[in-house]
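Visitor: Next come the chains, spelled out residue by residue.
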Amino acid sequence: QKEVEQDPGPLSVPEGAIVSLNCTYSNSAFQYFMWYRQYSRKGPELLMYTYSSGNKEDGRFTAQVDKSSKYISLFIRDSQPSDSATYLCAMIRNQGGKLIFGQGTELSVKP
Amino acid sequence: GAGVSQTPSNKVTEKGKYVELRCDPISGHTALYWYRQSLGQGPEFLIYFQGTGAADDSGLPNDRFFAVRPEGSVSTLKIQRTERGDSAVYLCASRSRQGGNEQFFGPGTRLTVL
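Residue numbers (the numbering used here), protein chains in the order written: chain A, 1 to 111; chain B, 1001 to 1114.
A portion of the hints provided could be inaccurate.
Facing chain A, according to a computed beta carbon distance under 10 Å, are these residues of chain B, among others [said to hold, decoys possible]:
| no. | residue |
| --- | --- |
| 1 | GLN1037 |
| 2 | ARG1084 |
| 3 | SER1087 |
| 4 | VAL1089 |
| 5 | ASN1101 |
| 6 | GLU1102 |
| 7 | PHE1104 |
| 8 | PHE1105 |
| 9 | GLY1106 |
| 10 | GLY1108 |
I should point out that these hints are in silico values taken from the structure, not numbers from a laboratory. Glycine included, each C-beta is placed from N, C-alpha and C at the ideal position.
Construct all of the structure, not just a fragment, from the sequences and the given hints.
Guide: Listed below in structure tokens is the structure:
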């Protein structure tokens, strides 16, 4: 069993929809939680970073962490075609440590 | 400023050959990471440098893989006796000491072993 599980999709939504992306994890030692966006043939870029349980909002993006359930989510409001990409959740046990990634969810936002 | 750069962008080689992949981190970043991403998968950790030394090499799959960072800046990932299963995108990331946990990724090197 992988440490971080993520539904690979693909997920297709119409423009303007609310998108919900999720990951579960098995190791309670994870302390830091990230969401990366990866466009085709590019490197991942950091979207959201959270440390504790709760919500964090940045523009159209909201990240949620529930440590008791070992479950993290990313919500995208008013989705745009430019949001079409692969979204990767990632976690770290210790400050500065290696990232453990989920499989990635491929999202397509149709105009 | 310049981001993380990786060369070559693409590398095609034959089974059994030796390859070197290069990573130029963001200037001043002390930490450097190598990851490998297979098609349809998330990146998997290979090795992490803090300065010149490997702080964690637990992700290297076997002794055919080796990485160096002799001056604490540029890093080279070396793969001996390549196998078809080594085909993947090799990603490099760097992080500043003051930057918390944010790792900045390069575009990757796409390695194809025929």
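Visitor: So which of those numbered hints doesn't the model satisfy?
Guide: Violated hints: 2 and 3; rest satisfied.
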